[in-house]
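Visitor: Each chain, letter by letter, is given below.
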Amino acid sequence: MENEKLLPQVIIIGGGLTGLRAALEAAKSGVKAFVFSKVHPLRSHSVAAQGGVNVALGNNAEGREDSWELHTRDTIKGGDFLNDQDATALMCKEGIERIIEIEHWGCPFSRTEEGRIAQRPFGGGTFPRTAYAADRTGHALLNTLYEQCIRLKSEGLITFHDEWHVVSVIASDAICYGVIAYNLKTREVRAVISNAVIIATGGAGRIYRNSTNALINTGMGMSLGYLAGAPLKDMEFIQFHPTTLYGSNILISEGSRGEGGFLINKYGKRYLAEYPDSAKAMEMAPRDIIARNTVREIQKGNGFDNSYVLLDLRHLGGEKIEERLPGIRELSIKFAGIDPIENPIPVQPGQHYTMGGIDVNINTETNIKGLYAAGEAACVSVHGANRLGGNSLLETIVFGAIAGRNASEYAKGDYHLNESIVKEHEEKETERLSKILSSNGEKTQWDIWNALQATVMEKVGIFREKNKLKEALENIRGLINTYKDIGLTDKGRSMNMELYWAVELHGSLLISEALVMGALSREESRGSHFREDFPQRDDENFLKHTIVSYNNGSPALGYKDVDTSIMKPEERKY
Amino acid sequence: MNRYIFKILRFNPEKDKKARFAEYQVPLREGSTVLDGLFYIHKQVDPSLSFRFSCRGSVCGSCAMNINDSHRLACETQVKNLGSSIKIMPLRHLPVIKDLVVDMERFWQSYESIKPYLVSNSVNDKENIVSPAERKRLDGLIECILCGLCFGSCPVTALNENYLGPHALLKHTRFTEDLRDEYKGRLKTGVKKEGVWGCRNVFNCQEVCPKNLSPARAIIKTKLKVTRKKF
Ligand SMILES: Cc1cc2nc3c(=O)[nH]c(=O)nc-3n(C[C@H](O)[C@H](O)[C@H](O)COP(=O)(O)OP(=O)(O)OC[C@H]3O[C@@H](n4cnc5c(N)ncnc54)[C@H](O)[C@@H]3O)c2cc1C
Ligand code: FES
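Chains as they are written, first to last, in the numbering used here: chain A, 1 to 574; chain B, 1 to 231.
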């Protein structure tokens with residue numbers, strides 16, 4: 001048990017954009033930040049974000065009239081009115097300051113002719129307001145924040161604990177006391193004590209078989225809060241992207257269709273013409289519509305191998321492809337072995353973003369004193385039922401900073417340490433880890449992973465329906481049971497990846513159960529949640545957040561009001 | 001499905017005195033990468049195989065290793081271009097923790113030693129004005145994913161353990177070229193014996209960089225800048 005005498009301090013789980021921004025804020029408030037991350041912070045998924053970050057700077061010649069109020073309205077409409085409107089407004093307003101600040105810290109944004117931060121149009125935005133650094137915005141932002149963290153590290157205000165796997169949040173009677181983590185390199189288990197803990201562990205894409213997310217995005221981080229007693233919110237809202245590379249599901253950006261690419265089936269036909277809701281806009285119809293129609297086409301047997309369609313760019317010609325879509329070309333060549341100048345790219349819809357997460361209020365507080373959550377792991381909710389592209393990067397830095405600030409203030413207050421609770425927790429977790437490690441059951445965890453990912457993909461995917469959801473819930477509960485019978489063969493101490501995956505799997509299973517419960521009970525279609533048996537939005541019964549809490553070993557479903565203080569729900573039409 | 005033989009240099013500090021090669025039969029479908037092959041072995045044959053991964057899309061820099069005697073990212077290396085027998089070893093010039101996982105401590109320490117952060121006293125509530133041409137100075141310097149391939153392929157990092165390495169010196173140039181930076185001692189952090197003067201113009205770094213960057217050229221740029229200043 002480690003009890004750093006130099007208080008106050010804040011523990012941050014996660015070294016992505018959210019975690020690093022929180023660490024900077026804590027350090028600025030004179031509080032020491034301990035950042036725990038299962039990978040080196042620069043390996044976090046945030047580094048992969050491409051397109052940009054929405055913020056009403058009004059730098060684009062066509063967006064001079066833009067304002068954070070308009071950004072707020074676009075975001076609420078995009079979210080099909082499930083957003084908490086006060087939190088959405090806060091994000092759009094404070095976002096401006098956060099972006100200017102990160103530019104001052106060195107972020108290499110692309111520039112307008114006048115030398116201001118460049119902005120481009122993105123889906124769902126009234127004006128071009130997506131600030132970008134080429135098509136590597138996440139990389140630029142994450143490196144900038146990490147660099148500033150290194151500066152504060154040299155002043156002793158931030159310490160990094162890379163390749164530490166946090167396995168539990170210590171909480172009792174709704175008070176947080178710290179975390180339990182183990183060093184992936186040595187398997188040393190430690191209780192790290194702190195009044196304030198921030199969960200910034202990112203999304204859950206990898207509970208789906210086909211996801212654009214990094215392999216480490218299992219959502220297990222969400223289960224840290226969930227198991228400690230903080231409920232999950234709106235987990236059924238999952239965004240799918242229509243064009244991800246078949247095989248690896250690496251994102252093929254919307255730009256490829258914007259430049260004139262065609263989606264074709266195995267007969268070489270542009271199948272979007274066959275569906276009423278995409279017949280007119282064709283490849284430029286909204287993401288969710290194209291994703292749904294593509295799945296329909298594949299299910300009809302008109303795809304390839306029952307799994308993908310083709311994105312044909314050949315008619316654009318080599319010159320245009322090289323000039324406008326060099327990144328897409330590089331990805332196709334590297335990851336599918338296909339040069340789009342000569343052959344069409346195999347694509348399929350894939351999971352892309354987790355709108356739900358740990359339930360927090362506008363101050364990033366959970367219902368546990370001292371436990372905060374922010375970024376993709378949390379649900380404030382600023383994205384409602386559907387996130388607009390470019391808003392999640394904004395969320396990470398705005399709510400990362402808010403979490404850092406509030407957690408620090410809290411950490412400066414009375415220090416409470418309950419040694420017996422910490423000790424008890426440490427023993428319990430050490431035992432749990434040894435048990436997993438020494439388990440010699442008959443099942444391999446890979447069978448469970450495969451079954452989980454297939455179930456969630458096939459039954460809780462783009463199309464949902466009561467019976468399939470019921471089956472999914474049954475399957476997942478079965479898998480939670482089967483988990484008890486797994487066996488591990490690697491008993492090594494160092495970089496034991498089998499142990500790592502087994503620990504992750506437990507968390508992934510539990511949050512998947514919550515996701516399916518939410519999807520089953522939400523008998524309406526809203527944003528990304530599409531129920532074939534309930535195709536309409538139903539504000540009367542479902543303009544509310546789904547809440548799943550974990551009490552005494554079982555999940556319980558409930559609901560919570562949505563803040564609608566800014567605009568009245570209306571039909572979402574574009 | 002095509003069959004490949006993966007020959008992997010394995011080392012477990014708890015058991016082995018010396019690293020040894022182990023061979024695995026790996027069936028992979030068209031379009032598979034070396035990382036896919038490693039996962040196949042981990043899940044189907046020997047779960048004790050350790051390697052780093054995260055994005056599987058060549059942006060996070062986790063999976064640098066030595067593949068068929070050249071330095072590459074496992075996640076972006078197609079197996080079909082490698083022949084039926086694939087030799088895999090950890091990244092060079094860094095101590096091995098286990099199997100393909102190396103200790104990057106020295107790599108990060110030298111990165112930190114050049115003080116890789118912009119220092120600006122700007123207090124206005126608008127962004128700094130940076131013309132597109134000024135911003136262009138950073139192209140080729142900011143795209144680095146800090147994977148370590150250049151470090152592992154550089155003969156100077158091998159011979160001189162105090163040498164900062166191509167990755168740190170590229171970062172150094174990134175800041176000397178950024179007109180917003182006001183850090184007074186900036187040049188000095190990289191212009192020293194173990195810094196730019198250590199580079200021997202071998203250009204391996206340029207050859208292996210998965211992002212087509214050239215630390216060697218960045219180093220030359222800095223050398224020219226300071227020699228011009230002197231005379
Ligand atoms: C391909 C792609 C492109 C995208 N492009 C855009 C875009 O253009 N614009 C936009 O706004 N959004 C985009 N997004 C979404 C956006 O990138 C993410 O929502 C955002 O980066 C999440 O940041 P985060 O800090 O919350 O989490 P992450 O960056 O995922 O960081 C999570 C951190 O938590 C750590 N962690 C997790 N669990 C544990 C544990 N148990 N113990 C220790 N550490 C743990 C990880 O190591 C990591 O450091 C994109 C997403 C994808 C998949
Ligand atoms: S796994 Fe990210 S670069 Fe290879």
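Derived from the structure by calculation, the hints contain no laboratory data.
A virtual CB, placed ideally from N, CA and C, is assigned to each residue, including glycine.
The reader is advised that the hints may include incorrect statements.
With a cut-off of at most 30 Å between alpha-carbon atoms, the simulated BS3-like pairs for lysine-lysine come out as follows [to be verified]:
#1 Lys491(A) to Lys15(B)
#2 Lys80(B) to Lys428(A)
#3 Lys18(B) to Lys491(A)
#4 Lys443(A) to Lys136(B)
#5 Lys93(A) to Lys126(B)
#6 Lys193(B) to Lys223(B)
#7 Lys126(B) to Lys28(A)
#8 Lys185(A) to Lys43(B)
#9 Lys484(A) to Lys423(A)
#10 Lys320(A) to Lys80(B)
#11 Lys43(B) to Lys491(A)
#12 Lys18(B) to Lys7(B)
#13 Lys320(A) to Lys466(A)
#14 Lys153(A) to Lys18(B)
#15 Lys18(B) to Lys185(A)
#16 Lys193(B) to Lys320(A)
#17 Lys126(B) to Lys435(A)
#18 Lys443(A) to Lys225(B)
Covered stretches of chain B, as calculated for chain A (at least 3 residues, CB under 8 Å) [as the list claims (entries may be wrong)]:
#19 10-21
#20 62-70
#21 137-151
#22 155-161
#23 183-189
#24 199-207
#25 211-217
Visitor: Each of the hints needs a verdict: does it hold here or not?
Guide: Checked hints:
{"no.": "1", "hint": "Lys491(A) to Lys15(B)", "result": "holds, 12 Å"}
{"no.": "2", "hint": "Lys80(B) to Lys428(A)", "result": "violated, 47 Å"}
{"no.": "3", "hint": "Lys18(B) to Lys491(A)", "result": "holds, 20 Å"}
{"no.": "4", "hint": "Lys443(A) to Lys136(B)", "result": "violated, 55 Å"}
{"no.": "5", "hint": "Lys93(A) to Lys126(B)", "result": "holds, 15 Å"}
{"no.": "6", "hint": "Lys193(B) to Lys223(B)", "result": "holds, 12 Å"}
{"no.": "7", "hint": "Lys126(B) to Lys28(A)", "result": "holds, 21 Å"}
{"no.": "8", "hint": "Lys185(A) to Lys43(B)", "result": "holds, 20 Å"}
{"no.": "9", "hint": "Lys484(A) to Lys423(A)", "result": "holds, 25 Å"}
{"no.": "10", "hint": "Lys320(A) to Lys80(B)", "result": "holds, 28 Å"}
{"no.": "11", "hint": "Lys43(B) to Lys491(A)", "result": "holds, 15 Å"}
{"no.": "12", "hint": "Lys18(B) to Lys7(B)", "result": "holds, 16 Å"}
{"no.": "13", "hint": "Lys320(A) to Lys466(A)", "result": "violated, 46 Å"}
{"no.": "14", "hint": "Lys153(A) to Lys18(B)", "result": "violated, 36 Å"}
{"no.": "15", "hint": "Lys18(B) to Lys185(A)", "result": "holds, 19 Å"}
{"no.": "16", "hint": "Lys193(B) to Lys320(A)", "result": "violated, 46 Å"}
{"no.": "17", "hint": "Lys126(B) to Lys435(A)", "result": "violated, 55 Å"}
{"no.": "18", "hint": "Lys443(A) to Lys225(B)", "result": "violated, 63 Å"}
{"no.": "19", "hint": "10-21", "result": "holds (count 3)"}
{"no.": "20", "hint": "62-70", "result": "violated (count 1)"}
{"no.": "21", "hint": "137-151", "result": "holds (count 5)"}
{"no.": "22", "hint": "155-161", "result": "violated (count 0)"}
{"no.": "23", "hint": "183-189", "result": "violated (count 0)"}
{"no.": "24", "hint": "199-207", "result": "violated (count 0)"}
{"no.": "25", "hint": "211-217", "result": "violated (count 0)"}
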